[in-house]
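Q: Starting from the known structure of chain A, arrange chains B, C and D on it as the hints suggest.
Chains as they are written, first to last, in the numbering used here: chain A, 12 to 273; chain B, 12 to 308; chain C, 296 to 645; chain D, 206 to 594.
Hints listed in this document are in silico derivations from the structure and should not be mistaken for laboratory results. Owing to the predicted nature of the structure, the values given are computational and were not obtained by experimental measurement. Be a bit skeptical, because a hint or two may be false.
[Said to hold, decoys possible] A partial selection of chain C residues facing chain A, derived with a Cβ cut-off under 8 Å: (1) Asp395; (2) Arg492; (3) Ser496; (4) Arg500; (5) Asp510; (6) Glu513; (7) Met515; (8) His518; (9) Glu588; (10) Tyr596; (11) Arg626.
[What the hints assert, rightly or not] Pairs of lysine-lysine, DSS-like flavour, derived with a Cα cap of 30 Å: (12) A:Lys66 / B:Lys192; (13) D:Lys403 / D:Lys379; (14) D:Lys356 / C:Lys460; (15) C:Lys495 / B:Lys105; (16) D:Lys403 / C:Lys460; (17) B:Lys105 / C:Lys521; (18) A:Lys199 / A:Lys251; (19) A:Lys134 / C:Lys495; (20) D:Lys357 / C:Lys460.
[What the hints assert, rightly or not] Residues from chain C that face chain A, not an exhaustive set, calculated with beta carbons under 7 Å: (21) Gly457; (22) Lys460; (23) Arg497; (24) Leu498; (25) Asp508; (26) Glu509; (27) Ala514; (28) Ile517; (29) Pro621; (30) His622; (31) Glu623.
Every residue, glycine too, gets a C-beta built ideally from N, C-alpha and C.
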Amino acid sequence: MSVVLGVNDLQIAFGGVKAVDGLTFDVHEKEIIAVIGPNGAGKTSAFNCITGFYKPTGGSVVMEGTDITGHRPADIAAVGVARTFQNLRLFNDLTVLDNVRAGMHLNRGQSWADAIFHTPRFKRSEAAYTAEAHYWLDFVNFEGPRGVPIANLSYGQQKQVEISRALARKSKLLLLDEPAAGLNYTEKQNLLELCRRIRDLGTSIVLIEHDMGLVMELSERIVVMNFGREIAEGTPAEVKANPAVIEAYLGKDEEVEIDDNA
Amino acid sequence: MTQIIWDGLFVGSFYALIALGYSMVYGIIKLLNFAHGDIYMLGAFIGFVMLTSMGGLPGALGIGALLVVLLVSMALTGGAGVLIERFAYRPLRKAPRLAVLITAVGVSFTLQYGVSAIMGSNPRSYPVRLEGDVFDVLGARISLPQVLLMAIAAILMISLNTYIQKTSTGRAMRSISLDMKGSLLMGINVNSVITRTFFIGSALAGAAGVMSGAYYGKIDFMMGFLIGLKAFTAAVIGGIGNIQGAMLGGLVLGLLEAFGASVFGGEWRDVFSFVVLILFLTLRPTGILGERVTERV
Amino acid sequence: MSGSTFKSQAPRRMGPVAAKVSGLLESKYLGWIALAAALLAPLLTASPYSLNVMTTAAIFVMLAAGLNIVVGYCGLLDLGYIAFMAVGAYTSGIVSRAFDLPLFFTIPAVLVMTILAGLIIGAPTLRLRSDYLAIVTLGFGEITRITANNLAVTGGPSGIYGIPKLLTFGDFSVHSPAVFYYVTILIVAFFVLASARLGKSRLGRAWRFVREDEDAAEAMGIHTYKVKLMAYIFGAVWGGFAGVLFASHLTAISPKTFIFLQSALVLMAVVLGGMGNMRGVVVGALVISLLPELLRDLSEYRYLAFGLLLVVAMVFRPKGLWPARPHEDERTGAEPQTAVDAAVSRGESR
Amino acid sequence: MRISKRSTLLLGVATAMLFATSGCSGGLLGGDDAGSDDTGPVKLAMVVPISGPSAPSGEYMSNAAQLAVDEINEAGGVLDGRQLELLVEDEACDAQQGVASANKAVSAGAVVSVGGYCSGATLPQLPIFEEANVPMIIPAANSQDLVKAGKKNVFLVNGTGNQQSNAALEYMLKTGVASVALVDDNDSYAVDITAETKRLIEEDGTITVALSTSVTPGESDYSAAVRDIMSANPELVYWTGYYQEGGLIINQLRNAGFTGQIMVADGSVDASISEIAGANAEGVLATMTQTPDTLEGGGDWIASYEDAFGSAPGPFSLQSYDAVRLAAHAIDEAGSTDGDAIIAALEAVDGFKMFSGPLTFTADHTLSSGGFVILSVQDGAFALEDDLS
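Bound conformation, chain A alone:
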């Protein structure tokens, strides 16, 4: 299995505080990896470094052989990294379809001149945008209205739209920041199934998640962080048995059993 993303000794500091301090992991093709850790462990900061929203103060990020360390987020997205955000970052005033079309921005297919003169090329391109947006909404089993502003949707539906938007990017790698937060049981089960279908498309997934049940069931490997450092990495079973992980989550000297069932 070839390596899609290589994160090597990643570091970022804010005014002397090291939010991420030496994070290293690889993501292979068609792999689902979870990054877990207590609140403030530096998971989202790591995501932001990988996707270019923060400039790492050290280390490197390599995407399919291209060094993307410290590049612009847009350039990193263009190389094939898509992401969702911890708190939904949708375009609230725009329609559901427009939100999904955002993921297709790099498809091109029309120029501004095409738009002004409504050339056949423009019409074809717009039809393709719309059709593809519907395709991705269907893919995530979105059942809400599609022509209305995002703000009219339920939270669960908004989460679905955010994932379809990222999917529309058609990237090799998808970073999901707490995709299950705020979802009910059924929705979580759907998410689980969705992630697998995404993987089957050929996309690797890295997710930050607090729901251990979901993490254990879904991910092939788990990276555990605490205080910016990587304290463990391995299969779900290995991680569950790792004393450092248990300590990080529950403090010293306590027996712990991480619940398998979500």
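A: Same frame as chain A, now just chains B, C and D:
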């Protein structure tokens, strides 16, 4: 040469007084209060109305009367600032930044043309004028009124600085500017602190307005526009949100302008200061004294 | 399917008349109706005065359409927009007088200069925070005006007068007021249509994404800086062409025309009309430019009223009086599903 | 979209009704020759600032023009009994507004224009009046650009920048000034005078121009200009801008210890200048055409003006009054309201009696003699210093 420095410092102290309000408000609620320059104009007109209505009295009382007028004008412009915050800005505290900025432009328009509607669009001349001896210091001609005005400006700025550093309100201001949500959680009455900030900032601008009227003699409803821009430039030079920075920035801009004007010619003076503003914003947006702030996603 | 199912979801409590008016305003033929009205108007009144007022209003509509790209679509507050109009007007004035050309032939030069102006103003400033951007554009607007005032090539403070006509074919000149009005209306209509269409394209969507959430847009691979620069350049070109029409209309331009007040008026048209909603912007521009003509006696108070209106509008309707109501049809069923599958398949993604 | 189709129809019907009710008055379909009416009043257009910072001047001008119109009407009007009517429109010192108002006046059927205060707003009006074949008698605006435009329908009854500069130079030579500083406010009117004065001084060669500089209007602090003047150390400072900044500069110059003479151009001749500069304005000289209070025999005229409007006349009141009288004279001479005939009559005017002296136009339609005199501030008001004769 000494004359250039002195002139620059004198104008700079006006910039500094106005820049303080800009900077304080920006520091606390990240609002670029476009109408701030017009508060300065409002102060000048309030002073004008008071002095005119007193008839011949102020002339006889001289500087004492002027000081009283200065204080009352400060109180009134401070109140105006509070009202503006309450009715125009507070309802928009959570609105998109664009909406707030546009509101500020609207407030500025309202103040300018409100004063123009009431007082007429013609320039007015101040009934009381500061006059006094001129003496020569190291080749610069320095007049008594200039010294007096700079002393008043200095006193105002020093007391403000003490207030911010030493009192609980001052600490609350600093804390809100660092973290508004956190301050709310810590039990700070954010609204009351913001109100005070607007009061103080506007009062200082009002003071500058009265001082300008009394020194230069001519006031008009557009007088706040350009100086507002300059004061903003000063605040940026010093590091916006930073109190000492605003004072420093005012003086620095005054000096830069004085030298710029003597090098490039008076007609390019404003272009010169706008270029300074743009250079600072693009090359060092945190100003001379500001700290680098990382914006979080 | 008309898509009325979800349209009715929007909360609307209005009587039948209001509904009819609203239906009319949302009609997709509204633009054509407005154009027809503009073309028919001179049949009713064609005095030099009314033609002048209508021509001025049309040019103002064009300015508002341009600023709407920057402020409405892209969410960048530009307080010095009139500078672009100045660049266009001065370029065409200077070039046409220097080479004794009708203004029409200065268009390439105007294009180059306005794009340059957009780049010069945009490139250093578009990385700034939005409020800094506002004040820097104000500064640039003033710099442009003062520079025009100070330079000899721009005619100094008296500006340029005796600007040639837009176009002359032998004896026939398009400068008789009525003909010029029609030429202006057609040009403005084209630019308004073009900006409305841009708004509904890939680029227009990118502008809105940037306006709504810059970070999310970046994460989607949208180079926000370039996209903003594009908005600036389009806005600049619109403003520049409005400047050419303006120069041709007035035959004289001077720095005094390009003061901050003018930028603020265009901004008001955009804001009051409804940021991002091209129809609203056109209405806003017409109101701002025609109202003072209708209420000449109150002209002293109009700016006060505009200022108050701006504050009130923002406090109670932060998106403008007639904001864009995003809505589109649900699935039309026309999408060729197999073609989508093909497009979606991995190979074509990059 | 069912609703919209019906409303399209509605709008169509409404438009049709509008057409039907409005008839064809003035539309492209009907005749729009508004000015061809031979019996009604003869309309004179006066486009002057009514709003904005120059509004007071506009009032001085429109009042005086109205006074002349009333007097002429009382004496029987023009063209054997037709009354004159004055249409006052706002220019607001703004090009756009000026054009709109000029068009409005043309639409209303004005046959002669007797307005024009701000040169910047007057220049773009030239083509409009030219196209409508309406002669312009411009009472106040006097930029050289108006002359340079070379329009045959344009006549200036105020002295031009060139004549003002000549008057300034004449006085400087007369009083033996050796060096001058020229300061303007970067406005077209002021820059025009500065440039012209500089050219004349350099041509003449006896006086040196120690400094020529501009300030930005609308500010309070002019220390940069003051510093430059102090270091150039001229014997006379000639300020060519308006009184608002003029007052400030006079004040700041005197406070900085300037002891030489200060002279201002006609834009600064306003009572406000001594309000702003206070005692420092005493003795300030001005180049100015005659104002009623400096004119011999102006007293009666002032009295009738005050009678009619309850306030004293101001700058350019006289010129406006004369412009209307001149217009009436030309219309009578021409025997019709035809533009070409009136222009011919104006060109033929020889020794028409005006306040500024007998009028004959030069080839470029300016006054043969500008009538500029030197005033000075005495006890807070401008008074005649030297009539340069």
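Q: Quick one: which hint numbers does this structure break? Sort them smallest to largest.
A: 1, 9, 10, 16, 21, 22, 26
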